[in-house]
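Asker: Given next are the chains, with one letter for each unit.
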Amino acid sequence: MKYVFLLCAILLCSCSSNNKAIKVKGSDTEVNLAVDLAENFYKVNDDFSVAISGGGSGLGIASLLNGQVDIANSSRPLNAEEDSLFKIRGIRIRTVIFAEDATAFIVGKDFPLDSIDVPSLKKILSGEYKTWQPVTGKNTPVNIYGRQSNSGTHSFVSKKLKIQFSRDAKEMNGNAQIMEGIKMDDSGIGYVGAGYILHGVQDQSVKVLKICEQPGQLSVSPMDEKAIQEKRYYFQRPLYQFIPVTSWEKVSAFIDFEKGPEGRKIIQDSGYYIIAHQSTK
Amino acid sequence: MKLALREKIDNSARIIFRTTGLLVIVILGGIFFMLLWNTVAFFLKVKPMDFITGTQWNPSGSTASYGILPLLVSTCLVTLGAMAIAIPLGIGTAAFLSEYAGKRLKNILKPVIEMLAAVPSVAIGFLGIVVLGPGIASLTGEPNGLNALNGAILLSVMALPTIITVAEDALHGVPQTYKEASYGVGASKWQTLIKVTIPAAAPGILAAVMLGVGRAIGETMTVLMATGNASAFPKGFFHSVRTITATIAIEMGEVPYQTTHYYALFAIAAVLFLITLAVNLIGEHFVNKFRKYQAA
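As they're listed, the protein sequences go chains Y and E. The working numbering puts the first residue of the first sequence at 28, with every later residue one more than the last. The working numbering puts the first residue of the second sequence at 38, with every later residue one more than the last.
Hint data in this document are derived by calculation from the structure and do not stem from the laboratory. Be aware that a few hints might be false.
[Stated by the list, open to error] Subject to a maximum C-alpha distance of 30 Å in a straight line, what follows is the list of computed BS3-like cross-link-like pairs (lysine-lysine): (1) Lys272(E) / Lys210(Y); (2) Lys149(Y) / Lys272(E); (3) Lys186(Y) / Lys45(E); (4) Lys210(Y) / Lys136(Y); (5) Lys272(E) / Lys165(Y).
[Said to hold, decoys possible] A short, non-exhaustive set of chain E residues, derived as facing chain Y with CB atoms under 7 Å: (6) Pro171; (7) Thr177; (8) Pro180; (9) Leu183; (10) Met262; (11) Gly265.
These numbers were taken from a predicted model, which means no experiment stands behind them. From the three backbone atoms N, C-alpha and C, an ideal C-beta is built for every residue, glycine too.
All chains should be modelled from the sequences, with the hints used to inform the complete structure.
Answerer: Following this line, the structure appears as C-alpha cells:
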C-alpha cells in the first residue's frame, strides 16, 4: 500500500511540471527536423520536455482539434473542412511557417537532359508516356520510382501536377530507397525531398532535374537557394506549424529557438530552406 | 507439509499452463473473428464477385476498385517462383546431408543452414535492393531488378532452411533396413536414394515443401523492399508486382478507420489467412501421416 502512495506522489509530481511539457504531432516530412530541433533546444533549455511524434499532417491537425497537442506539424495548409471545424469548436490557432521544403526530381546520372518541363513531367508520371522517346529520343521504357500513397510527398506531387500516378509506378519504402533505385537504373525517374540530395557536392550519383513550367521557359533547380527564396521553383512548399492560442505562451520559447540563429542553422543543415519575411500571423 | 507444498506447486503449474494453452486458442479465435467481422462489413459494401474477379486494386482512385486478382496473382507468382528454386535445391541438399555428407561436414552444415533462418527479413530485402536487383538487371538487360524474380529468389533463400531441415529429418527417418534391402539386390547408392529413400520419405518431404510455401507466402518485408510494388496487373517475372502482404503493409498506415478501404484490407488479410491455414494444415497432415508410417 505504501508503494501505491509513493507511485501516486511521483505521478502527481510529474504532472505538476506539465506546463513545461510540449507535445508535437504531425507531418512525417518534418518529424526528423523537429526532433533535431528539440534535441538542440534541450541543450539551452533543459527544464522543458518536448515530445514529438509523426503520423502525417492530417493526424496532427486532428489531434489539435481534439486538444491533445500543443503544436501540429503540417506540410500543407488547413483544408476548408478543417478550417470550419476549428471555427465551430472555437479554437483559435496561430500559424508558423518555419521552413520551406522543395521536392527534387532525380534521374540516372547519364540522363541526356538537364531540365524538364511540367507538361512532360505530367505525361511521364501519369503513365501516358510509356517510353522516353518523346522526351529524350531514346526508346527505353519509363520506370517511375515513387513513394507509397501514405507519403505526404506522394500526395503533394500528384496534387501539384493534378494527376493520378501511373499504375506501373514502383512504390518504394522511403526516400533512401528511391535514391538507390535511381542510381542503378538509367531509365528511372523519381522524386525525393531536397533534404536527401547532397548539397554543394559536384559528384552526385544521380542527376537532379531542373524544372520549368512551360517548355522554353527558364528552368529552376531545387538546390538553387535564391530561386527558392523568390518562390520560383515549381515543387516547393512551406512547412507549417499550427499552434492553438492557449498554448502559445508555453511553446513560444521553442518557436523562438526555431527562428533564432541556431534553429535556422539546423534547418538549413538538414537540407531545408528558410524564406525571409515569413513569420507568424 | 512437504507433500502438500509439492501438490500445491503441481496444481498451480497445471492451472497456469492450461490457461496459457487455452489463451493461444482464444487469441487465434479472436483474430479469426476480427478478420471475419471486418470482411463481412466489407462484403456488405462491395459485391463478392467484384472482389474475386476484379482485375484492379485501386482503393484511392476516383472510382475505388477492390479487385484481389492482381494481388493474388502477384503473391502466387512470387511464391511459385521461390518454390521452383527452393524445392529442388532444398531436397537435393537434404539428400546430400542425410546420405552423402560425412559426419563432420554434417555437423558444420546443419547449424549453418539453420542460422540462415535467423537472418532478419529486412536485411535480406536490403540485399535484394543493392545486390540482387542490379545483378538481375545486368544479366537480363532489363533497366532494373525490382521485380517478381528478385522477390522469388530472396524468398527461396528464406524458405530453404525450413525445407532442408524438415526434409533431412524425413530422409534420415527412413528405416535402415529399406536401404539395406536395396543394396542387397545390387542397387547403387544413387539408385537407392532415388527409388527407395525419397519415395519412402515422400510424405515428410511434402510436409517440408508445404511449410516452405507457408513461410514464403506470409513474408512481408522482403517482398515489400525487393519487388517494386507497382499496382498494375502483373505481367510476368520481369515485372514489378505487389503482393497481398505488401499491400496490407503499405496501406494499413494511412487508411481512415471504419471505411470501405479499411475493411478491404481485412478482407485480403482474411484471404491470406485462409491460404496459409490451408497450406499449414496440408503440411501438418503429411507430417502426421509420415509419423504414423514410421511407427508402423
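Asker: Against each hint, give a clear statement of whether it holds in the structure.
Answerer: Results for each hint:
Distance check on the hinted pair: Lys272(E) and Lys210(Y) sit about 25 Å apart at the alpha-carbon level, within 30 Å; holds. A distance of roughly 25 Å separates the Cα atoms of Lys149(Y) and Lys272(E); the hinted pair therefore holds under the 30 Å criterion. At roughly 68 Å between alpha-carbon atoms, Lys186(Y) and Lys45(E) are farther apart than 30 Å, so this suggested pair is violated. Among the hinted pairs, Lys210(Y) with Lys136(Y) is consistent with the structure: their alpha-carbon atoms are about 8 Å apart, no more than 30 Å.
Proposed proximity of Lys272(E) and Lys165(Y) is supported: the alpha carbons are some 23 Å apart, at most 30 Å. A cut of 7 Å between beta carbons decides the hint on Pro171(E): the least distance to chain Y is about 5 Å, and the hint holds. Among the interface hints, the one on Thr177(E) is violated; its C-beta lies about 13 Å from the nearest C-beta in chain Y, farther than the 7 Å criterion. Interface restraint check: Pro180(E) against chain Y, minimum CB-CB distance 4 Å, threshold 7 Å, status holds.
Contact between Leu183(E) and chain Y, as hinted, is supported at the beta carbon level, the nearest pair being about 6 Å apart and thus within 7 Å. A least Cβ separation of about 6 Å between Met262(E) and chain Y falls short of the 7 Å threshold, and the interface hint therefore holds. Interface restraint check for Gly265(E): the shortest CB-CB distance to chain Y comes to about 4 Å, inside 7 Å, so the restraint holds.
The structure fails hints 3, 7 (numbered hints given earlier, in ascending order).
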